[in-house]
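Chemist: Please model the complete structure; the sequences and the hints are all you need to start from.
The lines below spell out each chain.
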Amino acid sequence: MAEQVEIKKQDIESTSIATAYAVVSAILVMLLQSGTIGKIFESMGLRGGYADIYMFIAIAVIGALAVSIVKSGVGNILAIAIVASFFALTLNQEPLVRYLTLGGVLFSIGMYGMVASRNAVRVLMSIELMLNAVNINLVAFARYVDPKDVRGQIFAIFILTVAAAEAAVGIAIVLAIYRNSSTVDMDKFNLLKW
Amino acid sequence: MEQLDMLQAWAQGNVETVLFYIFAAGAIPMAIGVLLDKVIIRSGFMLIGVFGSICGLFLLLQAQFLALAQLMIYAVAITLLVVIALMLTNPRLDSELPTISKQQHTTGFFVAVFIFITVYLALRSESWNHSSHVVDPDNVKVIGLALTTTYSLPFEFSSVLLLAALIGAILLAKAEPEKSVEGNLTDASELAESKTPVGSGAPEK
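The listed protein sequences correspond, in order, to chains B and P. If you read the first sequence in my numbering, its first letter stands for residue 23, the second for the next number, and so on. If you read the second sequence in my numbering, its first letter stands for residue 920, the second for the next number, and so on.
To be clear, the hints were calculated from the coordinates, so they are not data collected in a lab. Note that beta-carbon positions come from the ideal geometry of N, C-alpha and C, so glycine has one too. Where hints are given, some of them may not hold.
[What the hints assert, rightly or not] Computed, partial: chain B to chain P, Cβ under 10 Å: (1) Gly57; (2) Thr58; (3) Phe63; (4) Ile102; (5) Phe108; (6) Val119; (7) Gly126; (8) Ser139; (9) Asn141; (10) Leu151; (11) Asn154; (12) Ile179; (13) Ala185; (14) Val191.
[To be verified] Below, in silico cross-link-like pairs of lysine-lysine (DSS-like), each with a Cα-Cα straight-line distance of 27 Å or less: (15) P/Lys957 x P/Lys1021; (16) B/Lys210 x P/Lys1021; (17) B/Lys210 x P/Lys1060; (18) B/Lys93 x B/Lys31.
Modeler: Here is the structure:
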């Protein structure tokens, strides 16, 4: 019982810290958007054009502090940090760069999941995420660079095909491994032969 | 109040931007949820949300055909496949495994951050040459013509690839008959000993 109360207290603490972090990042992004930050940086002798990158670093540092404080609910803070830095990095950019940056963000998330996940099926999900991020890039190029004969969309169709084949074969391999070794833990797949 | 009116006027002038940020703010947290949720079946369903948001982005980019293909292939077919695989590999659907591997965590984090920063710096400094054309509203026709004329060879190859992948998946996932008779054998030596000399033991290919 006492343990449950303890857990609940931790949850409330991490939620309030995440909320505070969200508010701080939103204020930072709005300041950046109104141009105040750029002027401050120029008065300090730094290049105002790089204000969004400095803001990205600031949001990341505050997020790292928040993660070091909380015990649970790191995912919330991570999500807020990534969304806030995405807003800070793209609000002043042209539309094509926005789409490409979103593709980069989703690709990096998928890359992290592919390297660090323990469940083999989750690794497959991360690979699907990465393929989809590439598709966003291709369709954005088709819309903004080559709108006449939309070649990016045709490549995206081929990626869709390969992704379907990859999902089927990958899941079959996971099932075969599970049947032989009774686990889907990536850390325990250290045998080439069983 | 005045600022609210200004915001409203701005939003009406920039519907595409507003919708883009709404879809992006839906896709990114759900992608993180896919990786970090402790209940793995929920992360399988969150994948549908990510793919749905990306479908909305495709509609914003005037790729209607791809948006619907995305919805049918990714959000329904592939996610269904993943959920079935989850049910087969973890029948009680509990969260025994920790989500993130301790040894790989740092490596993965730094690799991901490094890739993102490199990609962003590369595409930010570039001055892209935009085309002044507008996307043809009838671009399904353009795609169909290109697939059957210029890209007909890759199109045929992809059909062969799909067939091969289908056969390979069935062969890999097919249950071996000896296992179902002898029960769950996990040890290699046990498996080798239990093989009967002729006929009944060998897996059929």
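Chemist: Could you tell me which of the numbered hints above are not met by this structure, giving the numbers in increasing order?
Modeler: Violated hints: 1, 2, 3, 17; rest satisfied.
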